[in-house]
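Chemist: Sequence:
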Amino acid sequence: MQIVHDILASAPGVSEWSFVALCLLSFLTSAVSAAFGLGGGAALVAVMASVMPLTSIIPVHAVVQVGSNFFRAVMMWRNILFTWMPPFVAGTVIGAAIGGQIIFALPKYVLQAIIGVFVLYAVWGPKMKAMEPTKLRFATVGALASFATMFAGATGPLIAPFIKASTTDRKMTVATHAAFMSWQHGVKILAFGFLGFAFAPYAPLMILMTLFGAVGTWSGKFILDWMAENVFRWGFNLVLTVLAIRLLIEAGLEIAA
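Each residue of the sequence shown is one higher than the one before, starting from -5 at the first, in the numbering used here.
Each hint should be verified, as a subset may be incorrect.
Computed cross-link-like contacts, SDA-like style, restricted to lysine to any residue with a CA-CA straight-line distance of at most 20 Å [as the list claims (entries may be wrong)]:
(1) Lys165 to Thr134
(2) Lys215 to Ile249
(3) Lys129 to Thr161
(4) Lys165 to Met221
(5) Lys129 to Trp118
(6) Lys215 to Phe21
(7) Lys165 to Thr77
(8) Lys165 to Val225
(9) Lys215 to Leu75
(10) Lys165 to Val87
(11) Lys165 to Val68
(12) Lys215 to Leu22
(13) Lys129 to Val87
(14) Lys165 to Trp71
(15) Lys165 to Ala222
(16) Lys165 to Ile183
Since the hints were made in silico from the structure, they are not lab data.
Just so you know, these numbers come straight off a predicted model, no measurement behind them.
Make a model of the complete structure from these sequences and hints.
Modeler: Below you can see the structure in the form of structure tokens.
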């Protein structure tokens, strides 16, 4: 029992009950992401923000999300669309490098508002020719999303409309989104490492959250398998909309504070 207590008390600034809650939440949010393609990461970072020290939220979240997204991508690797991955990864490296230099300079609410407005327009606005996938556009969205994720954590909704526009069915959408997010969070981990963040004290928490997330991803895949295509598209758009509205609300509260 002492070993269990030591593990639960190992993460600096995280209570034992919060440790357990974060592991369970990692399972639930990974299941949501596996079923709908996104949403879990944003929900997870929102809760982490209320129970963890401010400086540790984004780096720890990045590690957990790499585990969740990579496991999902491996399970569904046959469905991944690799066409736009090289330019996206190149843009991701550039965006993380720039974001790492000014991470404390740009107000978080500005990025939240931009992402929220963009996602709402991408889902419900008139379809633009600019949404058609090209190497330049994926490099650009990779750079912008990677820059934004250094501040906001979960930028899956920013990437999702481009993935949706370039894929033809729900499994390809979920698998490709998982692969892209794996790259983005992986590059972010390297960036925070260069910035000097100490990951080691949070290792037990990150390992257990990743394991719980893997089980959640496996569970969520069964939901995706039997879900009808039109139901998936409806749910996908609904999740995007809810996340966008949440970002706008948070931005407004930050401005009003």
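Chemist: Check the structure against each numbered hint from earlier and tell me which ones fail, lowest number first.
Modeler: 1, 2, 5, 10 and 16
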